Structure formats: structure tokens, C-alpha cells
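Undergrad: Chains as they are written, first to last, in this note's numbering: chain A, 1 to 385; chain B, 1 to 385; chain C, 1 to 335; chain D, 1 to 335.
Please keep in mind that the hints were generated in silico from the structure rather than gathered at the bench.
These numbers come from a predicted model, not from an experiment.
We treat Cβ as the ideally placed atom computed from N, Cα and C, and that holds for glycine.
Mixed in with the good hints there might be a few duds.
Some chain B residues near chain A, calculated using beta-carbon distances under 10 Å [said to hold, decoys possible]:
(1) H31
(2) G32
(3) E35
(4) D280
(5) E281
Each computed DSS-like pair below joins lysine-lysine, with the alpha-carbon atoms no more than 27 Å apart [unchecked claim]:
(6) B:K182 <-> D:K17
(7) A:K11 <-> A:K45
(8) C:K227 <-> A:K140
(9) A:K140 <-> C:K176
(10) C:K176 <-> A:K180
(11) A:K11 <-> A:K121
(12) A:K182 <-> C:K220
(13) B:K182 <-> B:K4
(14) D:K176 <-> C:K227
(15) B:K26 <-> B:K4
(16) B:K180 <-> D:K17
To spell it out: a stretch of chain D is covered by chain A in this simulated footprint if at least three of its residues, at any positions, have a beta carbon under 8 Å from a beta carbon of chain A; those stretches are [unchecked claim]:
(17) 38-45
(18) 82-93
(19) 148-159
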Amino acid sequence: MDLKFTAEDQKFREEAREWLNANVFKERRPHGGDEMREYDLAWQKCQYDGGWAGVSWPEEYGGMGLGLTRQLIWYEEYARANAPDNHLCFVGLNHGGPTIIAHGDADQKKEHLRSILSGEKIWCQGFSEPNAGSDLASLKTRAYVDGNELVITGSKIWTSHGHLSDMQELLVRTDPEAPKHKGISWVIFDMNTPGLELRPIEIMTAPNHTHFVQCFYDEARVPLKNVVGGLNNGWSVAMSTLGFERGTAQIKDQIRYAFLVEEMIARARERYGAAFLDGDEFGSRLAQLRADMAAARAMTYMVVSRAQHDVSPAMASLMRAMVGQVQQRVRRLAFDIIGADGLENPEDDDWVYFYLRTYATTIAAGTSQIQRNIIGERVLGLPRS
Amino acid sequence: MDLKFTAEDQKFREEAREWLNANVFKERRPHGGDEMREYDLAWQKCQYDGGWAGVSWPEEYGGMGLGLTRQLIWYEEYARANAPDNHLCFVGLNHGGPTIIAHGDADQKKEHLRSILSGEKIWCQGFSEPNAGSDLASLKTRAYVDGNELVITGSKIWTSHGHLSDMQELLVRTDPEAPKHKGISWVIFDMNTPGLELRPIEIMTAPNHTHFVQCFYDEARVPLKNVVGGLNNGWSVAMSTLGFERGTAQIKDQIRYAFLVEEMIARARERYGAAFLDGDEFGSRLAQLRADMAAARAMTYMVVSRAQHDVSPAMASLMRAMVGQVQQRVRRLAFDIIGADGLENPEDDDWVYFYLRTYATTIAAGTSQIQRNIIGERVLGLPRS
Amino acid sequence: MDLLPSDDQQQIVDTIKDFLRNEAPVDRLREFGAIGNPDALLWPQLGELGFFALGLPDDRGGVGLSAAEEMLAFQQFGYHLVSPGIFGLVLGARIAAFAGEDALRDELLAGGIKVGLANSRGAAGAADEYHLFEAEEAAWVLLVSEEGAALYPRDAFSEIVRVNSTDSALVLERAKLSGAPRVAISAETDNIHDRALMLMGAYAVGVSEGARDLAVDYSKIREQFGKPIGAFQSIKHVCADMAIRSEAALCQASFAALVMDEGSPDTPFHATASKIVACETAVRNAADCIQVHGAFGFTAEANVHHYLKRAHVADMMWGSLREQRRRILTFPTPA
Amino acid sequence: MDLLPSDDQQQIVDTIKDFLRNEAPVDRLREFGAIGNPDALLWPQLGELGFFALGLPDDRGGVGLSAAEEMLAFQQFGYHLVSPGIFGLVLGARIAAFAGEDALRDELLAGGIKVGLANSRGAAGAADEYHLFEAEEAAWVLLVSEEGAALYPRDAFSEIVRVNSTDSALVLERAKLSGAPRVAISAETDNIHDRALMLMGAYAVGVSEGARDLAVDYSKIREQFGKPIGAFQSIKHVCADMAIRSEAALCQASFAALVMDEGSPDTPFHATASKIVACETAVRNAADCIQVHGAFGFTAEANVHHYLKRAHVADMMWGSLREQRRRILTFPTPA
């Protein structure tokens, strides 16, 4: 057991810090629309041009080909530099890209990976359907093979930022006769394909905030070569994608939230006076969060340590679950602490926006249920439900 | 809507108060054993002799034959006078007795009811079995008819105070061929019957605290006339018994706990100083409990109001659920407030004892699950699971 | 002793229910949500029906009923998320009535003008800094404190700045109080502060019940894994918890109104308890209602979010849960 | 950077595990529960194996390993609910070592005598009032504060009264401190307070893991409705939550030990965070474990209750959650 990083790691950290300090975008990230898309792509391109995109991606596609320790260091410095979260790039960097790295063929890798890292293409997800909420595998969007094309008809919903995306990782049913997990394919879908229509869905964070779209596919045609991991093999491909979700990407969040708690302590001290923290209800919740944040960071270090020892990746689900829970508590407490300010939802401050956003996380309760099933079965060895 | 009681109700209240002030046992209730049995029976007999036992029980069996409003008033005065809880009489007064009143025949009523009110007989419950926890209807204790007797073999567990009881309300399977809810009978069982053996079960509140017993029946014989509500009809009889459980009897608890919260506020003020209550974590929890206690009392009044208007008794389950939840929070907070004193478990103070007891209530989580099913289905009209 | 409405009271409730069901379905907020609240258009009709005057003595120009009827009315106002401007009219008319300003009183009771609400920004601002709700075109602004209650002309406030309201159905402004009240009464004359807390409790009960019913209705219709989601224990128990909390809040609101009508010294205690229990419930029920709705609950298309946001407004008005919890410990043990 | 034990460290862990599995199964508390704790009988053997000296520098008579090894050992002590008297020996020997009392140090390291623990009764008593744990036949009593740490002879305490301990496996007394320490060191010499918090955190991690494993094992065996209860989501998710919390507590305990070994100024922060997270976890895991066991969990026959009671002892020692939460806000932001 030790906390020391190697001299090479230290050097990497210093270079990352230096580069980030010089290059991090200082402008506020726009809350939506094309400005947000342009901002996120520009910041991604900046990282790529600087040689810092894709720390753990293969070098041949523009990545740095480094291990998880370097990834950790990069995220630590990224959060410390208060670098912006380019959420629009999230699906490409953390789902679509890694899926193609793991399951794609040479052509698919060549065609799609670099454009994700270089800030050219935004990816979105097309998994959920209007009548298949928690029961993902019951999806009905149909695709039949016609020559060397797939012809897709159906609908997807809760596609974050679909209206700002270029590409979509799409799950379709290619064999309606097979058992429900066996007839699904994972497809790279171009959002400019004729036959696709989008309906924006406004969300509750503020009037006219579009976050989700619903996608309607009417005989939309996709080349068969865009199927990743083989026809009708999409379920297992998708499951590995879900595995990437909130994997190492959460490290950044965890660090960012730890900073936020420190900021909250400072704001609370300023607003209520230093003495109030003594035994106060807010003080007590802040203190517990401060301790929990330290633990979450230690859990992140443990995830990296375990990966070095090749311990079962299921153990990482413990960290993910913890970080998810703590984030919700942080946002709720932040809202409580600002008191009457919580009734204002200004464009230039995120506290209320993020509080309301946590209700999307509550929805992801489905996800938290699934996570806890995984922990129960794969970590603790309990019988399947 | 009004809060006024009639002149007759007021008179009843004053008489009850006067009698209670003059007669309430001042000696501490022993924590266990025969002393506790004697204490509880003596206090029950005292109420009976004073003419105050069984406010809502029929007059012909020694009750007062009064309505729910008077019951409420009696319990309010009972709690205000700090009258002791005679827990050992609980099953007789609130399960066994009311079941016989509702389903018993004339002989059964004549033979058993008065001795409950008059403090002669202690009743216990024989429902749960070692391998039928939450799934009560899967009980296996077998009883076959032999002449004019039932012959019982099997085992019951978690029988509170079984070792101090005279009689038992017992569920047995009299028709093993029938569907599981259809072959059960509800039986009055004399605890002196040959063939019964008891094994005490120590509980965690303190060393050598016996609260439960396990009962073993080995060809124990009971007269057939002790079956209440008809052979093989025991499930519906038992369900009505469970309906009585925590019905109006909880009114007393609710009032008692409201007093306890006031006592906690006083103790906390004394221990930590008055100022600490301002915004303090304990202060905040105490304040919320104080408000919730007021609401619980108002709910009790609503239960009585609804009964006057013949509104569905299922609505009363809302009050029961609330009171159950609040009680747990009170006990936990009491333990937190006393700080290091919580590491001491003296014989002459109940705070730690009752904190530990709440873990029995957590176990009754099964009960809380069932309550919430009832609320969902009977109050809100949601489909059955 | 009877906590249920009498037949007469139930008739008033039914009339209000019918009116609001037709004129103010919650769906209206979807249309107007982003640009302010259309409810002021309802004020003249509600005034004509006498709903602003229920609890005012008849020798002061009111209907001569009690706090209980007012409580029942505000429960319905909350259920339909009626603009909180309605507190301005009802409490404003009471101030005018007790101050002997009969002309103003009658104008307010008729619902012909708007009254905004001023609320201290608490720790979020200096002592003279307020939030103004629904005060944009209002002639008057209501200010209630433990010491008394008053109507200010809008121009008693300076540095008024419109801000984005978290509850986007409401018009919210920041302002400084720099002028004097036009009409004011002290707490000794009539304790409007207690009444305001009690009525806000009743309003929050309505919000809680609205969220509960929305969740229950949805869980009967929405199917997953081949059956209505309300058949799953996880959803059923969430709905049951919403019902338990709503019932607690309703019972306490009723109790508080009756205690107030009796003129009991426990009135501040029970009014405060009512606001605490109801506001806590309103926020939790709204949050649970979102959860029951799944991803749909997070959209602006579902009405759920209006309940959540209004619950937070109700909580913050005249002192949040944090302040009210602090206050309730200062009262003596109630009878 | 590596938070997992090295092979050498794992070997130490395995040795302790084996020893305790044989010599101190939790079942022992069932037998001795009501009449005190038999663990002092193990001290000589544990001393011989060197387990009291792991973290003591070799030039001070120790094994010369680090806080990390001590952390791993106390995790195992907690897992087996070893008497907290073991803190008295390990920390007491450290005090003696740094005070240059080599003879006493060696006596303690050998486990030949008992050291009780004195803990302030906090708001429950006056400033000089203490609880003494496991001190009945002890030659020494350990007292640790932020300013320093000391060994007192038992007769430095007066008005000693035996009281019923909530954790009935422990001997508990009330006493007043009226005498002087025999051996003492200041926090500048060696910060035993931080070490005590960190090790109590590690101990509570063990308690949490013990409760978790007991619950998981039971839910694999116990059947209801025809299948193991661990197959039901309600039970499975409770177990998962126990595992999440245990992991958080373990990681933070490891981190705190390593920070301490580096001599970092963040040591008090991380030691405190470790105690907070682990004690909160220990109480919650024990409570959840009772729930998983159903009615059986409430009996004295199940071992569950020992975990709950010990978790409360761990929490109260050297400042409860309430005090530690207050303290952690006083530290600067850690690196």
C-alpha cells in the first residue's frame, strides 16, 4: 500500500497541469443550442490538437495509449483546472467510441474513432423506447435487411442532445422471431439519414430547455457495414457499453464534486457565519459530505489500484454507486443552503439548474436498481432474482 | 368541523381524570418475569374494579359499551396520567378479545371475555412459524379432529410473553388439502394443555431478557368448541384480528410519544443549553418530530371523526403507518441526544431499552410492507400485486 | 369533535372544486408557464362567488364563516396550483377590514385588483431585501410578519429587478423596501401571521394531494413488463407513503384552523406545525411523483415539475422549514 | 499508488485472520456476553505474534512497519469484535515507547497486562467525568486527547462505579479523574489522537464488514416463499448498500493510514473522515443486518446485536459522529 506516484507519473501530471492552465476555456459554457455544440467541439478539438485527447485510447486513432493511473491523473488535473465538462462529447468518448474499440472492425475503427477525439462528431444514444422503459430488452424498433442495407422503422426516446448530434449508437430488433435478448443489433446511425425525424422534449429545469429528443425512424436506411459486433449480437455489445458508462468517466465527476463541497462550505460560512457550522443541521450534512467525498476519492484510487491487480471489474460498481448517491445529496444540500436564492433560476449560475437536474438522476433510479443487482450478484454472490 | 366535546364527554373526561389520578400505579413496572405479570394483572384488575376497563367493550362482559370518542378521551387521560402500559394484557384486550366479540359464539364470549377485562387471564399470540415468516398463510402447524377434540402438532415462534400467558390465540392447519388460505382454523388454546413445551428466546435489549418464546405442540388436545368462527375459516378470522391490531390501541401510544418528545426537548435544552436548539441538527429533528406529533394527534382525531361518519376503516391505516414511523424516529433521536449515556443500559431508565426495542419494529417492517399494500390497494385503488 | 367538513362546508368545497376544475385545470400552466400566470383573470369571478371573504366576520363585510372554511378553500387553491397572489387578496382584504378601510376591502374582496406578495430573502439578502411574487402589475404588495401585517403600494419598493423564477409560472422580482405601508394592523388587532402560515399549510396540503393523485392516476395507466406500474410494490409503496404524508398534513391543517377559530393560545404552535408538516410533505410528494413518472416526470410535458417548484415557493414563504423548525421549539407545550 | 495490501501485508492479514478465526469466533460473545469479555486471555498470544508492535519503529522496540499494517490489523480486530482493550495495549505501548519507558513498553507489547480506556462522557457528564472501558482489572488506563496521550494508573480515578453496559460484552464504569498521569507524551512528540481515530475507523470498518458478511451469508441460506431471501430485490439491495458503504469506509481507512505514514498535514482531516465514514457505516450496516435477519435478528441468539452495540461504542470513543462532524469542518481543504 502506498500513495506515491512514479517519477514518470509526476512528470505527466506536471505537463498536464501546465497545458491545462494555459489552454482551459475560460468562457462560460452555454446552456444549450448550437453555441453549446460549438463550444464542446472546440474544447474537444483543443485537447486533441494539444495531444491530450483520449488518454487511454489507442494511439493509432489519436489517443495517448496510456494506463488507468495516467487517466486518473489527467482527470484530477482536469478537475483541478476547472476545465469545462463537454457533455455533448460524453456518449462518443465513453460509450460509442469504447464500444467500437472493443467490438468494431478495422474499417469502423478507422472511420469513426478519430472524429470523436478530434472534436468533429457528436454522438448520441438511441436505446430507450416509449414503451420499454426499465425493460430495455423489450425494444421494438424494427430493422430488416434489404440488400446491403438495414431498413429501420420505429421510435427512440430520451435521447440526450439528439438534436445536436451527428451520429447515434442505435439498438434495433433485427430478428423478431428470436428470444428478446437474441434478436437485437447495435448500429452506427448517421443523424442525417433520410427518414429520421426528431421531436424535441422540453425538460423541467427552465422554460424552453430542450435536453432530450424523441427520434422517429421511417424506413431509414443504414449500410449493413455499420452493424458493430455482428448482426443479432447487439445485446451483449450494448451490455459492454453500459459497462463503460460511468466507469472511469466518473472519476472526473467525483473530483469535481469534492471541490463543490468545499465551495459550499465556503458559501455557507459566508452566508450564515462561521459559528453556524457547529452542530448545525447544514453543518452536519456538509461535514458528512466532506468525509464521504474523501472516501469517494479513496474509492477512485482503489478502482485504479484494483485495475492494476486485475481484480474483478464488478468491484468498480461500488465506487460508481457511492459517487452517484453522494452527488444527489450534494445538489440537494446546495439548494437548501442557498435558501430563498433557490427560488431564482438565473442563466449565469448553476446551483438551481443542477438541483433540478438531480431529478433526472432519481429517474435513473432504474440504473441504481440495476447497479445494486450487479453488486448483489457479482460482488456478493447472492442468487439471481 | 369542530374540536368541541359534548358536555357528557367532558363529564366523562373529568371522571376519568379523577379516577386515574387517584388510582394509577405509581410503582415502576418491572421489566420482566412474574413480577411483571402480577403488576399488569393487578393494574388491569384495578381498572376493572373501578369500572373503567373495556371502554368500548360490550357491557354484558364487563365493558362500558361506549363509542370511539369516549375511547379517545380515556386514552388521552390515561396517557396524561402516565398510567402504565400493561403490555401483557395487550393481546387479550386488542386481539383475542375483540376477535371473540366479533366471531365467537355465546359460550365462548361468556367463558373468555370477562376474564380478560378483569385481569385474570393473560393472552398471547401463536401465529408465526419458524419457516413462515412474512408468508403467514403457509403455516404448517397441523391439527386433526379426533372426536370432539383437535389434536395439534407443530411449532410457533416469536410468541411475545408466551411464558407468562394463560391463553393463546392459535392458528393451525385443519385441512392440509385445501388451498393455503382455506384450511386454517383460529383456536383458543390453554397454555396449560399437556403436550405444550416452551423454549424461551432471549432478546438483544439486555442479557437474560426473555421476550419471546417458541412453542412446541406435541399432540396437544383442545376441545373443538374452542374453534372460533368455524373450522377452516381461520384465515378470515385472523385477518380481522390483524385489523384490530394497532387500531384504536395506537391512540394511547401516539399520545404517550407526544409527551416523550416534549420530555426530550426539555432534556436536550438542559444538556446542551437552550441556544443549541437554534438550527442545530438535534434541534431540527426535534422540531420536525414536534410538528409530526401534532399531526399524528390530529390524525387520531380524524380516525375518530371518520368512524362517526362510517367512512372506510381502511383510512385508519394511514394513521397507524404514520404513528409507527414517528415512534421509530423518536426512539432513535432519544438515543442520539443522550450521547455517551447511550452506552449505559440501566435497569431504571428506559431510553436505551426502547431504542434497542425499535429494532423489533424494524423487523415488523413486514407489517409496514403489508400496511402499505393495504393503503395502496384499499385507499388508493391501485391494482393488486 | 369532528375533523370532517360538515355538509355546508362540503358544499363550499364542491363549488370551489367545480369552478377550478373548469377554469383552472393544471394543464393551463403548460401553456402559460413561461410567461407568467393567468390566474389573475379568475379573481373577479372568485370574488363574485365570495371565496375571498369566507373567513371575514359579517360585520366586517365578510361571509362570516370561520378559518375552517378558509382552510378548505386554500386546500383547493393549492390542489390546482392557483397563483399565490390569492393570498394577497384574502389576507389583504382582512387587513383593510380590520383597519377600517372599507372601500379598499370591498375592492379586494371583489377581486378587481391584484396584490403581490413580499417575502424576506432571509439569509440570502440584507434585512430590507425582498422577493416580490406576482407583483408586476399589482397595485398593492402584502407584507406579513410576526409583529403585524400591512399593504404597501408597489412604489414603496425600489430597485425592483425582474429575475428568472424557478417556478416559471410565477413572476418574481427582487426589490428593496424603502417606503411606508399604506394600511397596516398589528398582531394584537388580528394575528394575520398565524393565519398566513395556517393557510399556506392548507395550500401545501393541496399541492401534496395534487402530486399524490397525479402519481396514483399515472401508475394505474402506465404499463411496464405487461402490467400497470401501480401493481409493483416499489411504486405502490411510494404512492402509499404519499398518501400517509398527505393525510398527516391535512389533519394538522384542519386541527390548526379549528384551534385558531377557538382563539386558543396554541394557535401559533399549530399554525407553525401545519406549515412544517405540509411543506415538507409537498416537496417530498412532488419528488416522489417525479420518480413514479420515470423519465417522463423530468420533462416539462408532464405537469409534475410545477408541483415541485410551487412546493418550494410555499416552503420559502414567510419562513422556510429551517426557520419554522427553529420557531416551533420556542412555543410552550400545547394543551 | 496502490491501495491494495502488498503480498507481505496480505500475509500479516492472513495470519491475524487465521488466529482470530480459531481463537476468537464471534460466537464466543454469546457465551461470555453477559459477564465481561474473555479477550484479555488472548493478549499474551497476540503479543508474542508481534501484533501490538506492528507500527512502532524498530529503534523504539517495534516491528518497524507502518500505520498501514496497523490499520489492516485493526480492521481484523473489528471484524472479530475483539475487546477495545486492544487499543489500550497498542497505543499505550506507543506512549511508553515515545516517553522512553522501555520496560513498560515491553510489558505492554508482550500483552502481559491490561490497559483500560477512559473516554469523556461529553455532554452527558462534567469535564472530569469519564467512562472506563475494560478497566476493571487493568493496571493502566489510556486517555487520549487532541493535546496528547497518557497512561494513568487505575487509582488516578475515583468514585468508580460499575454500570450496566449497553454492549454487554464489555465492562463499563463511571469514574472521575482525580489523579495525575504516570506516563504522558504531547501531540508534538507523536500524534496519538490522529492514530487513535484512524485505528478506530479501521476497527469500525471491520465491524461493518462483519455485519455485511453475516447478512450476506444468512440471506444465502434462509428461505422464504420457496427461495433464498437474498434472491429478493429488497434484501439484495440492502446487502448491496452494506457493501457500498463498507467499501467506502475501507478505502478511506486505507487512505488515512497512508497519509499518516507520509506525515502529511492532512492527517487529522483524513483520520477524522475515516472515523466518521466508518462509524456511520458500522451502525447502519448492523441495523441493516438485523433487518435482513427478520425477527431472529432481534434475539440474543443471533450475533447481530453485538455488531450494533460495538458500533455505538466505536462511535462514542474519542468523540462521536456529532463531535467529529463538528471537527472536520475546522480543517483546511486537503490536498
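Undergrad: Against this structure, judge whether each hint is valid.
TA: Status of the hints after comparison with the structure:
The interface hint given for B:H31 is violated, since its Cβ lies 34 Å from the closest Cβ of chain A, which is over the 10 Å cut-off. Interface hint status for B:G32: violated, as the beta-carbon distance to the closest one in chain A is roughly 37 Å, over 10 Å. Look at B:E35: its Cβ only gets to about 42 Å from chain A, farther than 10 Å, so that hint breaks. Because the smallest distance between the Cβ of B:D280 and any Cβ of chain A comes to about 5 Å, under 10 Å, the interface hint for this residue holds.
Taken as an interface hint, B:E281 checks out: its beta carbon lies about 4 Å from the nearest beta carbon of chain A, inside 10 Å. Taken as a hint, the B:K182 and D:K17 pair is broken in the structure, with Cα atoms around 53 Å apart against an allowance of 27 Å. This hinted pair checks out: A:K11 and A:K45 have alpha carbons roughly 24 Å apart, not beyond 27 Å. Proposed proximity of C:K227 and A:K140 is supported: the alpha carbons are some 18 Å apart, at most 27 Å.
Among the hinted pairs, A:K140 with C:K176 is inconsistent with the structure: their alpha-carbon atoms are about 58 Å apart, more than 27 Å. Restraint check for C:K176 and A:K180: the C-alpha separation of about 63 Å exceeds 27 Å, so the hint is violated. Annotation: proposed proximity of A:K11 to A:K121 is violated, straight-line Cα distance about 31 Å (limit 27 Å). About 31 Å separates the Cα atoms of A:K182 and C:K220, which puts this hinted pair outside 27 Å; it is violated.
The suggested pairing of B:K182 with B:K4 is violated, with an alpha-carbon distance near 47 Å, which exceeds 27 Å. Note on D:K176 and C:K227: the hinted pairing is violated, with a Cα-Cα distance of about 66 Å set against a maximum of 27 Å. Distance restraint check for B:K26 and B:K4: the Cα-Cα separation of roughly 32 Å exceeds the 27 Å cut-off, and the hinted pair is therefore not satisfied. With a C-alpha separation of about 48 Å, the suggested pair B:K180 and D:K17 falls outside the 27 Å cut-off, and the hint is violated.
Figure legend: the segment 38-45 of chain D, annotated as covered by chain A; annotation inconsistent (0 residues with Cβ-Cβ distances under 8 Å, at least 3 required). Given a C-beta distance limit of less than 8 Å, the hint that chain A covers the segment 82-93 of chain D is violated, as 0 residues qualify and 3 are needed. Coverage of the segment 148-159 of chain D by chain A is violated. Counting CB-CB distances below 8 Å, 0 residues qualify, and the rule asks for three or more.
Violation of the numbered hints given earlier is confined to hints 1, 2, 3, 6, 9, 10, 11, 12, 13, 14, 15, 16, 17, 18 and 19; the remaining hints are satisfied by the structure.
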